[in-house]
Amino acid sequence: MRIIELNESITDSNDKDAEALRSLLKAQGTFLINIMSSPGSGKTTLLERLITDLKEKHKIGVMEADIASDVDALRIEKLGAAAIQAHTDGMCHMDAGMTQRALMAMDSKDLDLVFLENVGNLICPAEFDTGANANVMILSVPEGDDKPLKYPLMFEKSDALVITKTDTMSYFDFDLEKCKERVLRLNPHISIFPVSALTGEGMDALEEWIEKHM
Amino acid sequence: MHELGVVFKVIDNLKEVAAENGIEKIDKVKIGLGEVSTVIPEYLQDCFKWAKRKSPLVEDCDLEIETIPAVSYCEDCGKEYPTVEFAKICPSCHSEHTYLLRGNEFVIKEIEVP
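For the record, the sequence lines run as chains A and B.
Residues 27 to 240 in my numbering are what the first sequence spells out, letter by letter.
Residues 1056 to 1169 in my numbering are what the second sequence spells out, letter by letter.
For the record, the hints were derived by calculation from the structure and aren't laboratory data.
Fair warning: this is a prediction, and the values are worked out from it, not measured in the lab.
Don't be surprised by glycine CBs; every beta carbon is placed ideally from N, CA and C.
Among the clues, some could well be false.
[Claimed, not checked] Selected chain A positions facing chain B (in silico; Cβ < 7 angstroms):
{"#": "1", "residue": "GLU31"}
{"#": "2", "residue": "LEU224"}
{"#": "3", "residue": "THR225"}
{"#": "4", "residue": "GLU227"}
[Said to hold, decoys possible] Simulated crosslink set (DSS-like; lysine-lysine; CA at most 30 angstroms straight-line):
{"#": "5", "chain 1": "A", "residue 1": "LYS204", "chain 2": "A", "residue 2": "LYS42"}
{"#": "6", "chain 1": "A", "residue 1": "LYS42", "chain 2": "B", "residue 2": "LYS1134"}
{"#": "7", "chain 1": "A", "residue 1": "LYS42", "chain 2": "B", "residue 2": "LYS1080"}
{"#": "8", "chain 1": "A", "residue 1": "LYS42", "chain 2": "B", "residue 2": "LYS1070"}
{"#": "9", "chain 1": "A", "residue 1": "LYS52", "chain 2": "B", "residue 2": "LYS1064"}
{"#": "10", "chain 1": "B", "residue 1": "LYS1109", "chain 2": "A", "residue 2": "LYS52"}
{"#": "11", "chain 1": "B", "residue 1": "LYS1104", "chain 2": "B", "residue 2": "LYS1083"}
{"#": "12", "chain 1": "B", "residue 1": "LYS1064", "chain 2": "A", "residue 2": "LYS183"}
{"#": "13", "chain 1": "A", "residue 1": "LYS85", "chain 2": "A", "residue 2": "LYS183"}
{"#": "14", "chain 1": "A", "residue 1": "LYS183", "chain 2": "A", "residue 2": "LYS52"}
[To be verified] A few chain A positions that, by computed beta-carbon distances, are all more than 10 angstroms from chain B:
{"#": "15", "residue": "LEU32"}
{"#": "16", "residue": "SER39"}
{"#": "17", "residue": "CYS118"}
{"#": "18", "residue": "ARG127"}
{"#": "19", "residue": "ASP172"}
{"#": "20", "residue": "SER217"}
{"#": "21", "residue": "ILE218"}
{"#": "22", "residue": "TRP235"}
Generate the whole structure from the sequences, applying the supplied hints.
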């Protein structure tokens, strides 16, 4: 019997892949935004709005990562953006290798803005660097203002937080100021955008933020 | 579900190590798991048991999990304290200016081969 010492963190190889992907994206002039949230937070509706507003100025692509089905990719293609459906085959998150394969498959060279719609889940996607240039988290009003207390890591890892479905605020017990305070305590550098993709309220500021970082 | 993804990653890493070292069988893998790594040891064992059957390299491999205690540090009073018990608030001075020193690791520490 022989013992081999490894002391290898399982995220190490992913971190390397993620850095390599970021260099590649930079070289080809594509800005990749990783969007993370729980299921039903309004990711696809937000993307539909962003595509409609930005498609005149930018060539946009969307990678839909789901465990199964292609319903979201079909919604995106209807708007005229490039879309690819990545099936994670039971995995609860996208890692950098999977992201790179999906990007290559959709021929991303000609795209200047790509959104990765990560698997709907507030835990695992936060732990694996996808190689994206920016991490954006979505929290919808019906989910409640206490989510930062329950899933701190995702709020810590995100560059921006989009609070969606603000048009439903009057029906829910959601304290926007309290929520902001909780988020900023976890991550003082995060930008927060309350929006309604339905009415368009607040979308300007979010779109400005995206274009500033591209 | 997260545990399954992690298990696939571990097995992929083991396959790489095996290829580099000319290993055909692994008897045991020892993993260091931080207390606040969000991976649950029991689920990890179950997923590993299921996933190992798919690969001859690890089909007879045991998984040993070593827990790494989570420790936080308080920037205001300079003391360390156990994270799981007190979370973000320092038990000595009640400050919130604390951060995790260790305890979110997931490390493949060593393997045993015949």
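These are the hints, each one checked on the structure:
1. GLU31: Check passed: Cβ of A:GLU31 comes within 5 angstroms of chain B, closer than 7 angstroms.
2. LEU224: 31 angstroms, violated
3. THR225: Violated, about 35 angstroms.
4. GLU227: 33 angstroms, violated
5. A:LYS204 with A:LYS42: 37 angstroms, violated
6. A:LYS42 with B:LYS1134: With a Cα-Cα distance of about 34 angstroms, the restraint between A:LYS42 and B:LYS1134 is violated, given a limit of 30 angstroms.
7. A:LYS42 with B:LYS1080: Holds, at roughly 27 angstroms.
8. A:LYS42 with B:LYS1070: 18 angstroms, holds
9. A:LYS52 with B:LYS1064: 27 angstroms, holds
10. B:LYS1109 with A:LYS52: With Cα atoms ~38 angstroms apart, B:LYS1109 and A:LYS52 exceed 30 angstroms; violated.
11. B:LYS1104 with B:LYS1083: Holds. B:LYS1104 to B:LYS1083 sits at ~12 angstroms (cutoff 30 angstroms).
12. B:LYS1064 with A:LYS183: Satisfied, since the Cα-Cα distance of roughly 21 angstroms is no more than 30 angstroms.
13. A:LYS85 with A:LYS183: 27 angstroms, holds
14. A:LYS183 with A:LYS52: 21 angstroms, holds
15. LEU32: 5 angstroms, violated
16. SER39: With a cut-off of 10 angstroms, A:SER39 comes too close to chain B, as the shortest Cβ separation is near 7 angstroms.
17. CYS118: Violated: least Cβ distance 4 angstroms, not greater than 10 angstroms.
18. ARG127: At about 14 angstroms from chain B, A:ARG127 clears the 10 angstroms cut-off, so the statement holds.
19. ASP172: Consistent with the label, A:ASP172 stays out of reach of chain B, its closest Cβ about 15 angstroms off (over 10 angstroms).
20. SER217: 22 angstroms, holds
21. ILE218: Non-interface label on A:ILE218 holds, nearest chain B Cβ at 20 angstroms vs cutoff 10 angstroms.
22. TRP235: The claim holds: A:TRP235 sits with its nearest Cβ about 27 angstroms from chain B, beyond 10 angstroms.
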